[in-house]
Amino acid sequence: MDPRGINGTVTLQPTAGQLASSKDEPVKSAGEWRLDWWSIAAVVPAIVVLLGFLFLFFYGIFQSLTDLRFGRPLVHLVGFNNYAALIKTEDFWSSVRATLGYAGLAVLVEAIFGLALAKLFATEVFLARLMRPVILLPLVLPPMSVALMWTTMMDPQNGILNYLLSLVGISRFAWISDPTTAMFSLVLIDVWTYTPFFALIIFAGLQGINDEVREAARVNGAKGWATFRYIELPLVAPYILIAAVFRLIESLNQFDIIFGTTQGGPGDSTAVLSVRAYIVAFQNLAFGRGAALMVINWLIVLVGAFAMVKLWRFVRQRVS
Amino acid sequence: MRLRRSTSTSLMLNVLVAACALILTFPLVWIVMMSLKQQSEVMTWPPTFIFTPTLENFRVLFDVAQAGATSYGTIKVDFLTPIANSVVIAFGAVTISVLVGVPAGYVLARRDVPFKEDIAFFILGFRFAPALLVVIPLFSVFQRIGLYDTYFGMIWVYQVVTLPMIVWLSRSYIEDIPKDIEEAAAMDGAKPFRIVLHIVLPLLKPGLIGASLLIFLLAWHNFALGLILSSTRAPVTVALLKLLNPGVQFYPVMAAGLVVTMVIPVVLIVLGQRHLERGLTFGAVK
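First to last, the sequence lines map onto chains A and B.
Terminal number for the first sequence in the working numbering: 349, no gaps in between.
Terminal number for the second sequence in the working numbering: 295, no gaps in between.
Mixed in with the good hints there might be a few duds.
[Unchecked claim] In silico EDC-like cross-links for lysine to aspartate or glutamate, where the CA-CA straight-line distance does not exceed 20 angstroms: (1) K339(A) / D127(B); (2) K188(B) / D65(A); (3) K148(A) / D240(A); (4) K339(A) / E126(B); (5) K214(B) / E184(B); (6) K214(B) / D197(B); (7) K251(B) / D87(B); (8) K214(B) / D185(B); (9) K125(B) / E65(B); (10) K125(B) / D65(A); (11) K251(B) / D184(A); (12) K117(A) / D297(A); (13) K85(B) / D72(B); (14) K200(B) / D65(A); (15) K125(B) / D185(B); (16) K117(A) / D96(A); (17) K148(A) / E241(A); (18) K188(B) / D121(B).
The hints are simulated quantities; they were obtained by calculation from the structure and are not laboratory data.
Please model the complete structure; the sequences and the hints are all you need to start from.
Quick look at the structure:
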C-alpha cells in the first residue's frame, strides 16, 4: 500500500497561507525584546548573502544602460540606446516570439497532460499505486542531461525516435535539425520533463477534495463527466494555476534545455531571449547589449507572473 | 471511499498507467542501453535492442591515462575532475545554505520580526531570478576580484539557487511542528536557544534531511552558473555538453556520462521520494 494515500493530508492551505500575508498584528511584550535580537541575528546572514545578488541585479540593469564590451577600458553611459537598437532589429522580435511561444505552449500542454496524468493516478488502480515514484523521475534529472538525452534520441539519421516513427509508417522527421520543427521538438522535451510537476500538484488538489462532495454530486444524479467538469475542475483550478505560475516563470527563463539541444539554432529559430543574451554577451562580448536583453526577459517574466497570480487569486476567491 | 469499477475498466486504466510509465522511463532505459553499446552498434539502422554490453564507454570517460588509445581516436576526456568539482560545489553550497538558511527559516516561521512576510517573499523571489541577469555583471566582477573559477566563488554563487529553497522549505517544515510543544517548554522555563536545540531540531531532522537532499539536487542540476563563471572548476553539467562536440560517433560515451549524472538523482528518489515531491512543488504537496 502507498502510505501517501492514507495519511497524506494534501491541501494547498500551507502554500496559500504563506502566499497571503498574515494579518495578525505582532504583540510584543518587554521580555521579548531580547529575543528579537536573536531572531534578527538569525535572519541577517541569509539576507546579507542574498543582498549581494540584489546588488548584482541592479548592477546588471546599470550595465544595460552602458556600452560595456569585454576588454574595453572606457565605458560610457548610453541611456536607453541598447534598448532602442534592440527593438529596431527583427532578430529581437523573433526572440521575443520564441520566448513567449515556447513558454506559453509548454505550460498549456503541460497543464492539460498534467491534469490527465493526475486524474489517471488518482484512480489508484494497482499499477498507479506501484508506479507513483516514476512520476518524479523527469523532475530529478539535471535539465542539461535531459536535453542531451533527447538530442541523441532525436538524431535524424539514427535516432530512436525516428525509428519508432518508422514503425508506424512515418518517414524521417527532422526534429531539432530543422528551423520549422525545432521549436516543436523543444516544447516536446519541456513537456516530457515538466508535465509531472503539474501532475504532482494537481494530484494533491484532487486528494484534497472531500469525498462527501463527490458523493453529494452523485446522489444528485451527476454522471462521471459532470462531476469532473462542475465539481472537480473548479476545485483543482487554483492548483493548476499555481503550478502554471511556477512553470511559466521557469520556462520564460529556460536556458539549459534550449542551450543543450539547439543553442538557439538552426538559424535563430529557437533563440529565446536568455539564449540570445548569452550569445550576445559571451560570444559577441557585448555585455551591455546582453544585459539589456536579460532586463527585457525579466520584465516579461514579471508581467507574466503578476498576471498569473492575479488570475490565481481570482479563481481561488470564486472557489472558496 | 473508492468507486467500484468493472474489471475491464480497471484493466484499461492499468494499461494506461503502464503506457504513461513507459513514456516516462523509456528515454532513460534507452540511454542506459546506449551507454553499454559499442560505437558501431550506435551508428546502425535500425537501432539494435539486443547486444553484448560493454563497459568500454565508461572506461573512456574516466581513464585519463589511457586517453588517445581508445576506439574513439585521440579525443581526450576528463570526466573525473568535473564530477569532483560538482560534488565539492554542491556539498559546500548545501552546507552553507543549511547553516545560514535554517535559522532564518525558523525565525520566519515562529518569531515576530518586522516585515516578516516581505522578507520571506524577498527570499523566495530569488528562486525565480533570471540567472543570466545576475551572471552577466558577475562575470566582470569575478574577473576583477579574482573569484572567477574558484570553489569559493562558485559556492557563493550557488547560494542564489540553494538558499531561497532551504529557507522556504525549512520554514514550511517548522510550521508543521505544533507550536504547543515549544510553548510548553517555554512555560517550564527553558531558554529559547535550548528549545530550538533540544525540541525543534530533533523534530525537524527528517524534514531537514529531505530539504537538504532537494537543494543538493538543485545544485547538481545547475548549468548556467558553471558555464559562465568557471573553466577548470566547471561542474559536471558543463563537461557533459562538451561530450556532444565530437558528434554522433561519440554518443555512447556521452550516454555513459549522462548515466553517471543521472544515477545520483535516481538514488535520491529512492531515499526521499516524499521530501523531493514536497520540495519540487514548493511545498504544495505535503
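Quick rundown of the hints versus the structure:
no., hint, result
1, K339(A) / D127(B), "18 angstroms, holds"
2, K188(B) / D65(A), "18 angstroms, holds"
3, K148(A) / D240(A), "15 angstroms, holds"
4, K339(A) / E126(B), "18 angstroms, holds"
5, K214(B) / E184(B), "14 angstroms, holds"
6, K214(B) / D197(B), "24 angstroms, violated"
7, K251(B) / D87(B), "11 angstroms, holds"
8, K214(B) / D185(B), "13 angstroms, holds"
9, K125(B) / E65(B), "56 angstroms, violated"
10, K125(B) / D65(A), "12 angstroms, holds"
11, K251(B) / D184(A), "17 angstroms, holds"
12, K117(A) / D297(A), "17 angstroms, holds"
13, K85(B) / D72(B), "9 angstroms, holds"
14, K200(B) / D65(A), "13 angstroms, holds"
15, K125(B) / D185(B), "18 angstroms, holds"
16, K117(A) / D96(A), "17 angstroms, holds"
17, K148(A) / E241(A), "18 angstroms, holds"
18, K188(B) / D121(B), "14 angstroms, holds"
The structure fails hints 6, 9 (numbered hints given earlier, in ascending order).
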